[in-house]
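Novice: Each chain, written out:
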Amino acid sequence: MLLSRTAEILYWMARYIERADGTSRLLITHSDLVLDLPAAVSPGWESLLALPGEPESFFQYFEEATERNVLRFLIGDARNPGSVLNSLRMARENARISRAIVPREVWEKLNDLWAWARTCLNDGLARKGRYAYLNEIVGSCAEVVGYIHGTMSHDTPFEFVQMGRNVEVADMAVRILDVRAHGLLGESSGELRPYDDIQWKAVLRALASFQNYRRHVHVRVKGAAVLGYMLQDEHSPHSVGYCLDAVERSLRMLPRNEDPLRTIGHAKRMIRDADVYGLTRSGLHDFLEELSTALASLHESLQATYFLLEPTPWHSLATT
Amino acid sequence: MTVPSKDHRSGSVAELLATYDASKFYDELITPAGRPRKHARILLRHLRSLDREELYGRRQAAEFAIDAMGITFTVYSEGSNIDRRWPFDIIPRIIPAKEWERLEEGLKQRTLALNLFIADIYGEQRVVKDKVFPAEVLAGSKNFRPQCVGATPPLDVWAHICGCDLVRDRDGTMYVLEDNLRVPSGVSYMLENRLVTKRVFPELFEDYAIQPVDDYPNRLFDMLASMSPRPADYPTVVVLTPGIYNSAYFEHSYLAQQMGAELVEGRDLVVDDEDRVFMRTIGGLEQVDVIYRRIDDLFLDPEVFNPESLLGVPGLMRAWRAGNVALANAPGAGVADDKVVYAFVPELIRYYLDAEPILPNVPTYLCMREDECKYVMEHLQEMVVKPANESGGYGMLIGPHASKTELKKFASLIRKDPRNYIAQPTLTLSTVPTLTDEGTIEPRHVDLRPFILTGPSSHVTRGGLTRVALNKGSLVVNSSQGGGSKDTWIVEDS
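Protein chains in written order, with our numbering: chain X, 280 to 599; chain Y, -13 to 480.
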């Protein structure tokens, strides 16, 4: 049976890979968006600080949320545990200690990627080099994920990698929707303002879902449809609904899954029952906050069930 | 490796070997007159038939194979750990099967006596009462564990896995240099060296009947399984490692993988109030029967030993003493690692087995004895001085290579704590032809560490790990200090 410690390492390795990937993707689309929009409409940079990690601490170190400061903090600041560089470092560390299980290429690629990202950090912080730098990270993460899928045995350890991936992607989607959609919808109650279209597209791009959306949703890119797609679509690998289904599938392969399955059932019902049209008018922020809490409970349930095994009571836990 | 320059790579290996000087030391492959020894004829004929470019190519192939297999060892430097490629020399060391049989018998005899000694020391201490082994040596032993007194491990085996270091002196005699009964390492390199050599010189395996070594992980598993306190077809065996920062981590994970055992750290295990050991798995707590521990005694159980240890498992000693889990090697087995105990091994063999030792010890002077200490002090410059309880070649004095200051320092160390020092005449370790970074073939000093498994029966690896001091003239074979290794062939006489 898989050791709890190993399961946890694999789970976190996958979460950190997705976190580096998701943050990089968001920063690329956000940079593009800022270039497209006139200053009056621009979402600015401060809104990005609501990402995973501890962005609250930003103002301990910086006075102003300027482009330069925010990007430094989100890409390469050692003081921000959620920065791209820290995520890569943690992904690498976790791969290193699970070398007996993860394919050799995964460790080697993550090791190279982290070393490269550290060396070239200044290029990534400069406007001119930012796109190439972040794009390299997105591409390399895809390569790592490709190695995991293509070469790692699809048995129990793999399910923990998958769960890490899916919990992180769902969490990222909820946060990005909160940061962007919430601000976007504002007071306008569904009426399309100039530039809304561009901004909704940016949300989809940040979630790697623009092309999929175009193929599957035949309406103009606008609030309720985007929200519905990112929350409820069953096929898009970056939609919250897809990720939860996937975690559920993984859990069904694992022992002692009652509690995590219950938690996931709750989150799934929330999404299924969500009235996206109503939410675009009011209550979106509260809804996303609640969904975020449900995802946190799912993580805690996985942790309590599989990672932090307490030694008592003996009789009920001993399986052999 | 440094790449030899072009002219170093042209010409034939025969030319290189023509200038090989085997007259100064005992060479394992070549006689003092420069002729191949009988068992090395085929190898040397083959080497001579190569040109230097090709020999260099074989060496490169070995390095590619080592990189591809991920064979590394860890070096500590300034707080960080670096995985280095395992240094390997492609020219094997060969021992004829006939000679090996005798060595094997000697090693079995020795480990049998050592196991009886350890059991006795933690039991009745007959050997002390009979005045064969002095009580004061026991009292001064750093590796004696009072916590183990009265314990009765399965089959009364304490040292399940031993690594005995053998060296050959100028006259060709093999001596036992030391016994490692705590957590001897190196066996994974023995196995990997063979895999690499098969890739590098496959043709030689057709010409020689080389005894295989790759049954070791299975034998290790069977031995460990035989210690299980719960009768089961497939007991739960785990390898307990201090973690990835340990210099032998590669070996821990390698052996676990080869045996199909789980590789665990202390925090993966937990002991319940009925003194049973469990590992934390995603399926719940799973009872563990046998632990092949690669953690030193003092870190095993913070309840009993070092309370600061985060590597160990609280309660593990309780579980072991209760007989609910087997530990290999048993805690306290290191009492026989003491180099003062080493000096008594021939006596112990006579005492416990009523037999003459098959393998000789290196003559050893105990500084705790006044007359011997006096002799050591007068001949310090000719001797090797070792602290009684160190391993890895640390804290040693090699008299002939030492400076005046070092000699003085050791003289005062010995005076302060004579019990802690032994001295031996400096042996001229035998040599094996070795390919140097400059592209030449030169004699380099070697030792040999066979591994002995003791369970219901005992087993000795066919050969062992030959370690080679890669630096010219050096006698230090430890990988952390410029040592490398060679494949070791036990060959049937043809």
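Treat the hints as calculated values from the structure; they're not laboratory data.
Possibly wrong hints are sitting among the right ones.
Computed footprint of chain X on chain Y; a stretch qualifies when at least three of its residues, placed anywhere within it, have a C-beta under 8 angstroms from a C-beta of chain X [said to hold, decoys possible]:
1. 136 to 147
2. 264 to 277
3. 389 to 399
Here are the computed distance ranges between Cβ atoms for each label pair [stated by the list, open to error]:
4. X:ASP434 - Y:ARG156: 56 to 62 angstroms
5. Y:GLY43 - X:HIS433: 38 to 44 angstroms
6. Y:GLN243 - X:GLU579: 31 to 37 angstroms
7. X:GLU537 - Y:ASP259: 22 to 28 angstroms
For each residue, glycine too, the CB sits at the ideal point set by N, CA and C.
Novice: Against this structure, judge whether each hint is valid.
Specialist: Do the hints match the structure? See the list:
1. 136 to 147: Check failed, 0 qualifying residues.
2. 264 to 277: That given contact holds, which follows from 10 residues of the region 264 to 277 of chain Y lying within Cβ reach (below 8 angstroms) of chain X.
3. 389 to 399: violated (count 0)
4. X:ASP434 - Y:ARG156: 56 to 62 angstroms: Roughly 57 angstroms apart at Cβ, these two residues keep to the hinted range, so it holds.
5. Y:GLY43 - X:HIS433: 38 to 44 angstroms: holds (40 angstroms)
6. Y:GLN243 - X:GLU579: 31 to 37 angstroms: Holds, since Y:GLN243 and X:GLU579 (Cβ atoms, about 33 angstroms apart) stay within the stated range.
7. X:GLU537 - Y:ASP259: 22 to 28 angstroms: Check passed, 27 angstroms falls within 22 to 28 angstroms.
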